[in-house]
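Participant: Chain by chain, the residues:
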Amino acid sequence: MRDKQIEDLKEYKYGFTTDIENIRAPKGLNEDIIKFISKVKKEPDWMLSFRLKAFERFKQLKEPNWQKPKYPKIDYQDLYYYSAPKSMKNKPNSLDELDPKLLETYKKLGIPLEEQKRLNGIAVDAVFDSVSVATTFREELTKHGIIFCPISEAIQNHPELVKKYLGSVIPTTDHFFATLNSAVFTDGSFAYIPEGVRCPMELSTYFRINASKTGQFERTLIVADKGSYVSYLEGCTAPMRDENQLHAANVELVALDDAEIKYSTVQNWYPGDKDGKGGIYNFVTKRGLCKGKNSKISWTQVETGSAITWKYPSCILRGDNSVGEFYSIAITNNHQKADTGTKMIHLGKNTKSKIISKGISAGNSDMTYRGLVDISPKANNSTNYTQCDSLLMGNKCGAHTVPYIRNKNSESNIAHEATTSKISEDQLHYCQQRGLNPEEAVGLIVNGFCKEVLQQLPMEFAVEAQKLVGISLEGSVG
Amino acid sequence: MKEQLQKDFENIIRNLNLSQKDIEIKKFCLDNFIDKGFPNRKNEDWKFSDLNQIIKKNIGELSFYSDYTFTNKIDTSIFVDGLEHNKIVFINGRIEKIDFNYEKKEQIEIIDQSETINKFNAKNSLSDLNNAFTNKSFKILVKNGYKLIKPLIIYHTTTSKIWSKNINLKLDFELDKNSSLRVIDYFNDTSKKNFINIFYNFDLKENSILKNYKLDKFQNDNIKYFFNNIEQEKNSISETFILSSGSNFLKNEINCDLNGEYASAFVNGIFSLNNNNHHEIRTTINHLTENTKSYQLIKSVLEKNSNAVYQGKIFVNSDAQKTDGYQLSKAILLDKESEFNAKPELEIYADDVKCSHGSASGSLNEDSIFYLMSRGLSYQQSRELLINGFLLDVVEKITDSEIKNLIKNMIGIKE
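Chains A and B, in that order, give the protein sequences. When you line the first sequence up against the numbering used here, it's residues 3 to 480, in that order. When you line the second sequence up against the numbering used here, it's residues -4 to 410, in that order.
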């Protein structure tokens, strides 16, 4: 029984495809496509001009190539920038009207959309290819004045908020992929927590790529007003395909005075097969702005999927006394590659940041931690603590650490530590002596290695993530 | 700059007696340099120190040709006292003296290497510049089993005769099996606004030991780049100590290839900067085979708008199991205008390794100062005592006691 379970787990269990009729925009990237997306979304003019401005800028940008994992050139004209289930053309008002195939899909993924079936209160926004198909617990949230809806709805219903904050952290003049996203983003989540409200449940978005040859460009914007608190979860999966698919999302967080945002990601995009064929290119821009005093943004990520992960969730600590945190576990196996880390930009006084990064590489994979800690001359009395540990399994994989440390303030302190090692024979021997098989022993040790980060995840996610850590390393022992 | 380079290059070629092939190699290097120019911040290795800008701002237009037909008088007062030593004296880039009086003549060979063989496959354009314009280069060969009795001090002296000049130097050392050599590079400048570009190559054969101390102590307005390439075979040891303090700009770059088993490399450095100085140490230690070891310790004390950069890289290739690599950089910032940038990098492809790095920067610990002041010391005394202790740590890493004392006296560090 146990063996069978393990056997089941070895396969990427989210690799199925949902056979559903799609509406797609024609292939290619040009102004017409952008206008098309904007029109389908029934967007106001200011939104379209935001997109076109970004596109103008995008045309002048060159694709960056300083990252460690190299990939074959992406033909941006050979992608579909918009794909939606046909049944979503007119958005259903309730779950009863939703295409049963979609409901089925999410059930299979373990994310039932029917509220009554949820034991624990997590409000989910489910994004399928380019559109959000359903958002749960909206009424409950509305009672507290919390806005949680697809961003395309927010653009129509809460233009004042979106206008004010969209692009305030990741402007249209940002780097290549972020600018591309600003031009062609299709859907994503929007959350606004009003002043003084502590969000009663976890908010969550579940991203699913289904259609082939489609790029997913979602945009998430979370604004925590003064004194509020929100915990947000993000999960993602994609079907198994031979081709590489691009996922270039933008996530913007804004925390005002005394607010706190906790953003957790369990990323499990399809990593490609054993020979490194297929898989998602996960080129995501995530940035949080601690705008107000005493605000706090905390990123937690468990990166197990994707052929290539290339992202740096960052914090801009502008408000005095603000706090930025980054907890990360990145696991690469087979031919996966990851180049991930964070940026902590200290601008305000008494700002604090903490970075804990755990990287595990196995098989033929390659993992890089790349991070920046920058303390500006005005950020008096700021501190940073960074710890990045890497674990290597086998001599065909690589683990790299590339931290950039800039201290321009004599009152501030930076401490950085990094280690690279392998699982010690002694530990393995000890576990095996007590009756664990080698794989279980490795699982146990790795879980211990990651514990500091796993603890940061909300309960429901922690269990899931712990399992995922074990699965990702299947077959890497021996 | 292009016309100047070409004109000066022709002057160099005219004065040197080179074969057609050598001229072609030099010409090739010149073209490379003209193509790339001085490195700027777009180049990742020069991210924190934009040499192109620094030269533009501090020197302006450079000229590349020096007339080496006349000898310079050696001012013996600059020689280091209290330590018997062999000498090589460079004045304004011209080799004036090679003196190994303390050693057995037959054990050391000095080979005039006017032909250029590009040993430095450094990716930066300064090696091209160096190859194109070096006038004379020597190879110093220490023979099998010979351990030099006295250290060798290489005096890099410039006088006020030159300004806005680029000086290129190159030396090649080979330490045969079981030999050992201690080299001190000693800078003494009375000139202003020159760019000095030095390349050293060390070949360390089995069981050989190299100790290299670079002392840039005296305040001067020159811009310097110093590249060491060290190739190490089995059981060889290299120790490099850098005192980076006096020049307006100085970048020390060390590339060390640990090619043989049980080879080990040690790099220790001190930045002691003020007066707008901008210094950098960049190290690349390549662990290429099993059981090699490297250790790096860099400490900085920065004040008066100074800027220190440390970029250290440990590379471990997939065959280099049982590697032990360690790297630590610490900085004290004494005032608000100073800046410390670090990029400690690990690139590891083998699993059975022990590699770690640490980096810390901050202000002087107020508690420690309070403690010392409560014991009756003045603020100034407490501060000095703490800095002294902070730097002593690095100086103590020097394994040669004679030279350790010399350096301690030179920078006024007490035990």
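Because the hints were derived from the structure by calculation, they are not lab data. It should be emphasised that the depicted structure is a prediction, and the values quoted were computed from it without experimental measurement. You may find that some hints are simply not true.
[As the list claims (entries may be wrong)] Pairs of lysine to aspartate or glutamate residues, derived as DMTMM-like cross-links and limited to a Cα-Cα distance of at most 25 Å, are as follows: (1) B:Lys52 <-> B:Glu19; (2) A:Lys72 <-> B:Glu342; (3) A:Lys64 <-> B:Glu56; (4) A:Lys70 <-> B:Asp45.
[To be verified] Just the calculated beta-carbon pair ranges, DEER-fashion: (5) A:Gly278 <-> B:Met405: 51 to 59 Å; (6) B:Leu13 <-> A:Lys72: 57 to 65 Å; (7) A:Lys72 <-> B:Arg36: 17 to 25 Å; (8) B:Arg36 <-> A:Ser51: 31 to 39 Å; (9) A:Gly147 <-> B:Glu39: 44 to 52 Å.
[As the list claims (entries may be wrong)] Some chain B residues close to chain A (C-beta under 10 Å, calculated; not the full set): (10) Pro34; (11) Lys42; (12) Asp45.
Glycine residues also receive a C-beta, built at the ideal position from the N, C-alpha and C atoms.
Participant: Which hint numbers does the structure go against, in order from smallest to largest?
Facilitator: Violated hints (numbers, rising): 1, 3, 6, 10, 12; every other hint is consistent with the structure.
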